[in-house]
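Asks: Mind docking chains B, C and D on chain A? Use the hints.
Number of protein chains: 4
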Amino acid sequence: MTAPATPFTGVIPPVVTPLTADGALDRGSLERVVGHLLDGGVNGLFALGSSGETAYLTPSQQDEVIEVVTKASAGQVPVLVGAIETTTNRAVERARAAIALGADAVVATAPFYTRTHPTEIDRHFRDIAAAVDAPLLAYDVPVCVHSKLDPELLLPLAADGVLAGVKDSSGDDGAFRRLAIGARDLPGFSVLTGHELVVDAMMLSGADGSVPGLGNVDPHGYVRLHQAAVRGDWAAAAAEQDRLVALFDIVGAAVPGTASATAAGLGAFKTALMLRGVIATNVMSPPMRRLDGTETAMIAAYLDRAGLSRV
Amino acid sequence: MTAPATPFTGVIPPVVTPLTADGALDRGSLERVVGHLLDGGVNGLFALGSSGETAYLTPSQQDEVIEVVTKASAGQVPVLVGAIETTTNRAVERARAAIALGADAVVATAPFYTRTHPTEIDRHFRDIAAAVDAPLLAYDVPVCVHSKLDPELLLPLAADGVLAGVKDSSGDDGAFRRLAIGARDLPGFSVLTGHELVVDAMMLSGADGSVPGLGNVDPHGYVRLHQAAVRGDWAAAAAEQDRLVALFDIVGAAVPGTASATAAGLGAFKTALMLRGVIATNVMSPPMRRLDGTETAMIAAYLDRAGLSRV
Amino acid sequence: MTAPATPFTGVIPPVVTPLTADGALDRGSLERVVGHLLDGGVNGLFALGSSGETAYLTPSQQDEVIEVVTKASAGQVPVLVGAIETTTNRAVERARAAIALGADAVVATAPFYTRTHPTEIDRHFRDIAAAVDAPLLAYDVPVCVHSKLDPELLLPLAADGVLAGVKDSSGDDGAFRRLAIGARDLPGFSVLTGHELVVDAMMLSGADGSVPGLGNVDPHGYVRLHQAAVRGDWAAAAAEQDRLVALFDIVGAAVPGTASATAAGLGAFKTALMLRGVIATNVMSPPMRRLDGTETAMIAAYLDRAGLSRV
Amino acid sequence: MTAPATPFTGVIPPVVTPLTADGALDRGSLERVVGHLLDGGVNGLFALGSSGETAYLTPSQQDEVIEVVTKASAGQVPVLVGAIETTTNRAVERARAAIALGADAVVATAPFYTRTHPTEIDRHFRDIAAAVDAPLLAYDVPVCVHSKLDPELLLPLAADGVLAGVKDSSGDDGAFRRLAIGARDLPGFSVLTGHELVVDAMMLSGADGSVPGLGNVDPHGYVRLHQAAVRGDWAAAAAEQDRLVALFDIVGAAVPGTASATAAGLGAFKTALMLRGVIATNVMSPPMRRLDGTETAMIAAYLDRAGLSRV
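Quick mapping for you: the protein sequence lines, in order, are chains A, B, C and D. Each number in my numbering corresponds to the 1-based position in the first sequence with 162 added. Each number in my numbering corresponds to the 1-based position in the second sequence with 162 added. Each number in my numbering corresponds to the 1-based position in the third sequence with 162 added. Each number in my numbering corresponds to the 1-based position in the fourth sequence with 162 added.
For reference, chain A alone in the conformation it holds in the complex (with noise of 0.2 Å):
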């Protein structure tokens, strides 16, 4: 896939892992989950992201994940694959792996666990980028990496060709602000935003796209408000963003405490995406628990009030 300028744009939803009632991979249901997404019209797929589990899954099962998904898309919009690994050989393997399934680019966050430095940020992406013959985005998740990723680095990344695009879900919408505003001369660079209450206001701030995850819940929403930005009509735009804002509630239905937020937040999509009759389980990764009935409950509640159908 030769790149052209901004390829990268539109509603990207970071596709969530289905799994059976033992944990494996639900092929199916992660079929019917791309497929759903396609008829959302959505603009692209980023398989193995956070909400893809993918910190979860062994190198073997992300391979699995990436076949269905490139398999299910067949061509009909670009497939990013994540290559979320500690460090840069590690993230390599993976980027490979992934190019060699079928991804159309790869994603790659600073490195994690161990402490980084911006000059080993820096040479982390280059490295990764010389190494695979696709295109690299960044993606920027100071809450999993727990380092920020500046305009400061990533802008020369993206003048040298390094980059071709970042997801931020950092929460720094100043930094959003000023990144995308360097971007303005870079057309080979997508600016995309992981912010998911708040595409709206990014998009007025220069995003050229969103990464959602609540997108898999609910694309066709994500998709109006897109067209609604990129059209500027920003009163409907903003519309749609309150009512997924509502929507977003989902994910405070497990129980406080008795759970990590990402097994609150992915299960509650997960959950969703169950009663949507999307997938066949709200099964997570060890050692999360899945939403129990009394959550689902709830989560069906939400649905109902968003306007969304159950099956």
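No lab work stands behind these hints: they were computed from the structure. It cannot be assumed that every hint is accurate.
Non-contacting residues of chain C with respect to chain D, defined by C-beta distances greater than 10 Å in every case (computed) [claimed, not checked]: (1) 285; (2) 295; (3) 401; (4) 405; (5) 466; (6) 469.
30 Å max Cα-Cα, derived DSSO-like pairs, lysine-lysine [to be verified]: (7) A/310 x B/233; (8) C/310 x A/310; (9) C/310 x D/310; (10) C/310 x B/310; (11) B/310 x D/310; (12) A/310 x D/310.
Fair warning: this is a prediction, and the values are worked out from it, not measured in the lab. The beta-carbon is built from N, C-alpha and C at its ideal position, and this holds for glycine as well.
Replies: Frame of chain A, contents of chains B, C and D only:
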């Protein structure tokens, strides 16, 4: 290896991983590191810990490290091996590989990258322990995984036979004291400190032993310290510790602001081992840089000051 | 001042506190700052906020600031005054002093220095509100107080009439969105953003106004931004915001690593006001240093680039 | 009081501040606390520290505390007084008030609320020391002020005669060890630990004494611990420390999730003193709640277990 009562005691250094100029494992140097440590009188070896650049090594590189360390130590002391992965299934995969390659015990952290919760950490250790037929130690390292293993979490796991010990690198010495007191009635549970600047103090607090990164450079010193503490000669233990604190100044040799704390610290350990004639190069895994000539000269001066031989 | 429905709207800059060469309050310069802001069309003034060096001023110095600001503004716009103290009794003491000196409303943070808890923060605001006969606004500034005021805490306080508004400098725009949506049914509760780089985006999210530190330097710009947003001209609002983001580069004028972020940021605001002829010096409260000649020249260049007049 | 070489040694508890039922200072109870501590054999008193609810007291309340403590102790031991304020001018104001009211030394933290920088912290301490004619000690308490006082910052201030000592409540025992080693050549500089669970270990590391909050409850125990350490009887010191660690369980009496760590910890100290007949109530400053009857009963049981008398 059948687990005796409190089997893991004494000095158990986290073994550094020497690399060749092109970044491959330097097997000869690693064998010499093992010999150097055994010569120092250490009571165990911890391969693939943070000081072993575990987060920088691919699974196949990790396998190679395990092979060399277990072969070189030849059963003289127990070999603990890190199975340090983001989540349960991945840690289980690495733990099984380690056992298959001859590890006597495995060491795992709390989940990282993802956000986690005490109930999930509890299940994480239980699932790993259930999956492998070898002692499991917990590695408490908040600076890397961003959660703390409290005594209230660890002691029930110890009582249930899930955990055979803990390596505490949390720096939370109050919690360590409470853990050590709580562990007195749990003879099969080893309490090891990774707090290399206050091993004497932690021995006074009730530690069974230590896992000092600096012990790569001066195993004899840490062994003397341990033995003095065991025989109750606290003045001698403190004097030895004070000398090692001065030696630890090597980690400040890297020019401030030019490298991560990890690169500066492990880089100093490797450079010291190179200067001492144990390993061939001070090459670091990407994206870290190796220490340069000026920094190396500074480390040489520190070694001289500490009375450590150089080649 | 009887509280109207949503009384605090529009641009309400946190007024800087000019000092003389020997560190005393420069009353004439402060009067000129007030005049400069009123000339810019601002809708209120916030004295003794973080940008006003509130944490650097003794109680008597704070009293003097309140006197000057209330006198100089002469009732043209409401004057909000910070009662920013570690805990309840201390904040009450300062709030009463502010009201006695003519403040129209007081602004308080969560407790700081000490560790706190949501139930304590709740009581803190209730006690302050009960002790003063004026509107109370909450100031959400985790970077200073190290706790976050969640919508779940603030909205009940608003519904109970305890809080008349919030200044949100948390940078957590997702929480801000949820707060703004929740505040729609609470007409007496003002939702103000302190996130000066994305005011347009926060207005789109539902803010009633802004409290931008940079508004000291360019009040006219923030007023134009606000007015564009209110009339729904989001393209104009975003263009104005983009210009202000560029102007914000002044906070990077201090040589990196030589001053705190506070000294660099507020120092830049003061230096810009000095260059614009509004205040006499850029002296900072101890222990902060003032910006030097080279740094001042850089700020002058940024002002020119932004099209702002200088003397 | 002329400063002798290392004047501040031994056990110097941070004195709690008893309150009446309506929240005023309970002068009689405070006098009894002082008597209780002197009876325990302490070597100094630290008024208006964190354990003294300093951040909860207005300036006039603080003055009253100083008056009572200096009068009640009547020169038997030195009285250190906290001048714990956000920045320099405010701390100077409080330091001067303390000296005027009879304090023998003042104690100040790094600036807080505002962000700060090592150069500013350095100037902060130099300015305070220059403004008062009494020894100044630094209080290293990152959990409250969110910056750490490194040995590299403190030792030059000690060498220059700016600082007469440090109370280290950082919990960073590696840094404490380096500080203690560096302070050996600075006889006028006292190194005190606030790490009350490992005082024995910190004495082994080179501390001159301790400032234990729990010392309010059991001063005799900490004095015994100190004396054992000074005479080199480390087994006795450790046994005493272990007993005090068990006593420290009182801070867990508050029902989890219902109070801040400060309210739970100081509340437990006050409740224990009430149960021991030293103070009249366990009232806490607003917005903290006092411990209730069930929590009080739990603390009584811990006192019994520790062998401490009750009324």
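Asks: Which of the stated hints cannot be reconciled with the structure, identified by number in ascending sequence?
Replies: Going through the list in order, the structure violates hints 1 and 7 and respects the others.
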